[in-house]
Amino acid sequence: MLYALKIATRYLTASKAQTALLVSGVAVGVFIFIFMSALIGGLAEFILSRTVGDISHITIEAEVADPAILIRPEAAREGHILAVTESSGIRTATLTNEETWGPLIQSVPGVVAVSPQITGAGFLTRGAQVAQVGVTGVEPGRESAILDLDGYMVDGSARLGSGLVVLGQSLADDLSLRLGQTVRLQSSAGVSTVLTLSGIFKTGNGMLDDSSLFVSLSTSRTLFALPQGVTRIEIKLSDLNAANATALRIRALTGLDAVPWTDGAEQLMEALDAQAQTGYFLKTFALITIVIGVASALLLSTYRRRPEIGIMRAMGAGRGFVIFVFVTQGAMIGLLGGLTGAALGYLALLPFPPRDAFESGTLPLDITQGSYGLAITLTVIGAILASILPARSAARVDPVTAIGQ
Amino acid sequence: MSAPLLQAMDLVKTYGHGEAATRVLRGLSLQLDKGEMAALLGPSGSGKSTLLTILGTLMQPTSGSYTMLGQDLVAASDGELTDFRNLHIGFVFQFHNLLPDFTALENVIFPTAVKEGRETVTARARGRDLLTRMGLADRIDFPSTNLSGGQKQRVAVARALMNRPELVLADEPTGNLDRESAMRVMELIAEINRDEGTTFLISTHDEKIAALCQRQIVVGDGVVTG
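Residue numbers (our numbering), protein chains in the order written: chain A, 1 to 405; chain B, 1 to 226.
Since the hints were made in silico from the structure, they are not lab data. Here a beta-carbon is modelled for each residue, glycine too, at the ideal position from N, C-alpha and C. Any given hint might turn out to be false.
[Said to hold, decoys possible] Some chain A residues judged to face chain B by a derived CB distance under 8 Å, without partners named:
hint, residue
1, 12
2, 317
3, 355
4, 358
5, 399
[To be verified] If you want the ones that stay clear, here's a sample from chain B, every Cβ over 10 Å from chain A, calculated:
hint, residue
6, 4
7, 17
8, 33
9, 149
10, 179
[Stated by the list, open to error] If you want the footprint, here are the derived chain B segments under chain A, 3+ residues with CB under 8 Å:
hint, stretch
11, 72-82
12, 89-99
13, 104-116
Please build the complete structure, drawing on both the sequences and the hints.
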């Protein structure tokens, strides 16, 4: 079939302007395909990084301890009461053996950070001002393991130590706090301590900036009266989309109830799915345009070359040979257009910031999600399919009629 | 006496259906022997071109039988006819019908390249020999569109001979040439017939061209009349 390849090449090079136009048309379709892939992929990346980028991708929480029984059945004379328990949001149970779990979880592929924490609620008091806060105790050195505290610092340092606290800018403003000033924190366990403000952050997330603070793990142990264990282990992954599978692995490995971020994020997932569907539609239309363009151009070529096809058939070229010549032309147009479009798409995406530097107000185009190989492959397949109809039409040419033209 | 190369018996060819049907061949019978050089004469519409088309396996007769080299070509499939045509039959058309995007040499070696799937060194050598023999040694790599009418027709003759076919069918091969070019083409055909024993059946209106052939077959009203 080398000879059919030569003839296909000759036909394409014989009409350079027509071939160039055709390849350009295909390249534009591929460019749109790649641009849409990069945009939809980048947009999803952008939305995910803004919504779940700074949260734990997998979380393991201590089981809530059985609530305290206020009235025991045997104490209820009438016999109608089974038990009366006290409802409480305070997590008193702990994850023990955290020292064992930590390295084990860290060894799971895809896990980039593990942060054991003690979390709880408390009141921050400065003078007459009191604010209700969420307290997170993290290991010094792992302050930015989950939330990029370092990146969000507007004043001071994220580094935690004994007696130090880092809190949100809105909270600091509410309490008129400046770096180096002290503040009293009373935990929900009733323990009080005086802390020095060592850093102020601003994440843009109202809840974090208004009512969250970070202390060292040892400080939180004292505050919540937990001499050992942690209340929560937060895990960050290299790939957000692998959360479900990785959570299953961690569950199988540790027996702990590892919960991926996707649990409870159905609406976000639906929105991302809808966005992806839109992308598929647009890419499909781009491919259909390519197929129609190639098919119509080759049909025209078939009609124009009818006498030549007739001569070839008279000289002993079989129908299969003629089909191969035209299908090869389609494949070559698809390949050339695909490569050109992919190269143009890549060059057009180069000036845009990479995925880890997306900024608000700019198009979040992710050059790594251009689906270049897929675009080229689908284009070649589409062009081959598009050329089958013209090729079959060419193979059916009656040599006697065609030569007589 | 030479063995028959082909035998056509009671060939009938009808175009169209019903009242619009036109019967071009009306039971024509013909035998050609190996090594013959025959002229096919007859007025326009007598069925010469239709006969050549059927003998060239480009068209099937409505009825009748046709065998060549002992093979029944009426019962053969399209694929079998294509292969048979490639190996055993050469064509020379009135309007040369060269492939316009190819050089003289590429046109000549086309039948072999199609058969072999590539342009072999042997095929290129034979193509060069044939073109040299046709007096076109200095036009071998010329694009076919840059050749004169006579040169194109000589390239077409070389192409028809490329696979050393037993039969060459020529439909008015000199009809579009000036007298000098026409005689040159006919001299080459006669030379090939003499040297290689190739059988030629040449359709022509020209009595002088016909006179160069060993045998004249006259067709009239769809049958051989002389």
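Hints and how they fare:
1. 12: violated (10 Å)
2. 317: At 5 Å from the nearest chain B Cβ, residue 317 (chain A) passes the 8 Å test, so the hint holds.
3. 355: Violated, about 48 Å.
4. 358: For residue 358 (chain A), the interface hint is violated, since the closest Cβ of chain B sits about 51 Å away, which is over 8 Å.
5. 399: holds (5 Å)
6. 4: It holds; residue 4 (chain B) is separated from chain A by about 23 Å at its closest Cβ, greater than 10 Å.
7. 17: holds (17 Å)
8. 33: For residue 33 (chain B), whose nearest Cβ neighbour in chain A is about 24 Å away, the distance exceeds 10 Å, so it holds.
9. 149: With a cut-off of 10 Å, residue 149 (chain B) remains clear of chain A, as the shortest Cβ separation is near 17 Å.
10. 179: holds (25 Å)
11. 72-82: As far as the stretch 72-82 of chain B goes, the hint holds, because 3 residues have Cβ atoms under 8 Å from chain A.
12. 89-99: holds (count 5)
13. 104-116: Coverage by chain A holds for the stretch 104-116 of chain B (6 residues, Cβ < 8 Å).
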